[in-house]
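Take the given structure of chain P and dock chain R to it, following the hints.
Protein chains: 2
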Amino acid sequence: MNFPSKLVEDAVMEVAKLPGIGKKTALRLVLFLLREEKDTTADLASALVKLREEIKYCVRCHNVSDQELCSICSNKGRDEQVICVVESITDVMAIENTSSYNGLYHVLGGVISPIEGIGPTDLNLDHLIERVKEEKTSEIILALSASMEADTTAFYITQKLSILGVKVSTIARGIPVGSDLEHTDEVTLGRSILSRVTYQTQ
Amino acid sequence: MNFPSKLVEDAVMEVAKLPGIGKKTALRLVLFLLREEKDTTADLASALVKLREEIKYCVRCHNVSDQELCSICSNKGRDEQVICVVESITDVMAIENTSSYNGLYHVLGGVISPIEGIGPTDLNLDHLIERVKEEKTSEIILALSASMEADTTAFYITQKLSILGVKVSTIARGIPVGSDLEHTDEVTLGRSILSRVTYQTQ
Numbered sequence: 009m010n011f012p013s014k015l016v017e018d019a020v021m022e023v024a025k026l027p028g029i030g031k032k033t034a035l036r037l038v039l040f041l042l043r044e045e046k047d048t049t050a051d052l053a054s055a056l057v058k059l060r061e062e063i064k065y066c067v068r069c070h071n072v073s074d075q076e077l078c079s080i081c082s083n084k085g086r087d088e089q090v091i092c093v094v095e096s097i098t099d100v101m102a103i104e105n106t107s108s109y110n111g112l113y114h115v116l117g118g119v120i121s122p123i124e125g126i127g128p129t130d131l132n133l134d135h136l137i138e139r140v141k142e143e144k145t146s147e148i149i150l151a152l153s154a155s156m157e158a159d160t161t162a163f164y165i166t167q168k169l170s171i172l173g174v175k176v177s178t179i180a181r182g183i184p185v186g187s188d189l190e191h192t193d194e195v196t197l198g199r200s201i202l203s204r205v206t207y208q209t210q
Numbered sequence: 009m010n011f012p013s014k015l016v017e018d019a020v021m022e023v024a025k026l027p028g029i030g031k032k033t034a035l036r037l038v039l040f041l042l043r044e045e046k047d048t049t050a051d052l053a054s055a056l057v058k059l060r061e062e063i064k065y066c067v068r069c070h071n072v073s074d075q076e077l078c079s080i081c082s083n084k085g086r087d088e089q090v091i092c093v094v095e096s097i098t099d100v101m102a103i104e105n106t107s108s109y110n111g112l113y114h115v116l117g118g119v120i121s122p123i124e125g126i127g128p129t130d131l132n133l134d135h136l137i138e139r140v141k142e143e144k145t146s147e148i149i150l151a152l153s154a155s156m157e158a159d160t161t162a163f164y165i166t167q168k169l170s171i172l173g174v175k176v177s178t179i180a181r182g183i184p185v186g187s188d189l190e191h192t193d194e195v196t197l198g199r200s201i202l203s204r205v206t207y208q209t210q
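Residue numbers (the working numbering), protein chains in the order written: chain P, 9 to 210; chain R, 9 to 210.
Simulated from the structure, these hints should not be mistaken for lab results. Treat the hints with caution; some may be incorrect.
Treat identical chains as interchangeable: a pair holds within one or across any two.
Cross-link-like lysine to any residue pairs, in silico, SDA-like; alpha carbons within 20 Å at most [stated by the list, open to error]:
#	residue 1	residue 2
1	K144	V176
2	K168	V90
3	K168	L197
4	K14	L42
5	K84	T178
6	K32	D134
The shape of chain P in the complex, shown without the other chains (with noise of 0.2 Å):
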């Protein structure tokens, strides 16, 4: 690609840093902020800029924060005794987007991989246990993709919990609402039978 300009070509390169963003795609970006008021751009730096220097992490449960406390872990009317444990801050937002969950969160960071270079000490897993011992959690529920990392990481966090006497759970793995039987793949659909649910009928 020729760029006309040293400073475009600088623009698009940083751009082009970002993931799922190629050359293509950071030179329309570039040049719509080109067409745009110079105070778009601006902003624009200024609030990456902003979060990047400023950003804080609860110290409770590692979420993203603009406190010490991140406002889940400062919230009175959460139930302190639950502890969901994820992977990632996404992870924190998606099930706060279901309104089904009235406890605190414990962010990992990530999974054990041992491909990937990742122990259990490059985790917030000891914090974790740590937690457990202080903050009279009665239940820890593993909200962990399905992945073999993850269940390694789901084993590694439930034998550690074992001696402490609390209650260890993971979210259902079953058939998506919405979805058929027919179209779902084995491993999926072996597992809602295995997990499968009673009727109270009384």
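Coordinates of chain R only, in the frame set by chain P:
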């Protein structure tokens, strides 16, 4: 979407103003920047601000440029007698990438579109007429897109230039290389027959 932090929300809202980027993609990009080093965000922000603050437009052809004259206009090896008229900077880049053209350019900045309220005075049209008068241009090549608005603009330019005795041509409309006749639309196929090229047999 519930955001865990005002900083994240502000950043997502700014990124989502870019064309073709929704809130979900914006959140993904913002969380990527949070995971990366601070320098990644700082470099991105400064490249964009520097671009927007320091970019110049070539005084001769209106292409983006780092100097008063762009690299094409200041290149003595180019044929100064031919001007290729295009809508935007991306068109200049596209034609440059073909390596099939060695003349100069003139970027209009759009096409005449009464519906969008764009008249001849909103484009760099008067300057084109001036250039033709001053630069002893022998040929104007119109490389506009194949739309009603572009055709109107081409007609307007041709009318204005007719009294100056300059040759005006337009890029060929026809079957793209690699396409077959069967799947080409009637208008394009019709034009390709009307604009047929005679083989030089002797």
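Hints versus structure:
1. K144 / V176: within (14 Å within a copy, 83 Å between copies)
2. K168 / V90: within (17 Å within a copy, 76 Å between copies)
3. K168 / L197: Classified as neither; 30 Å inside a copy, 72 Å across copies.
4. K14 / L42: For K14 and L42, only the intra-copy Cα distance (14 Å) is at most 20 Å; the inter-copy one is 27 Å.
5. K84 / T178: neither (25 Å within a copy, 71 Å between copies)
6. K32 / D134: neither (44 Å within a copy, 31 Å between copies)
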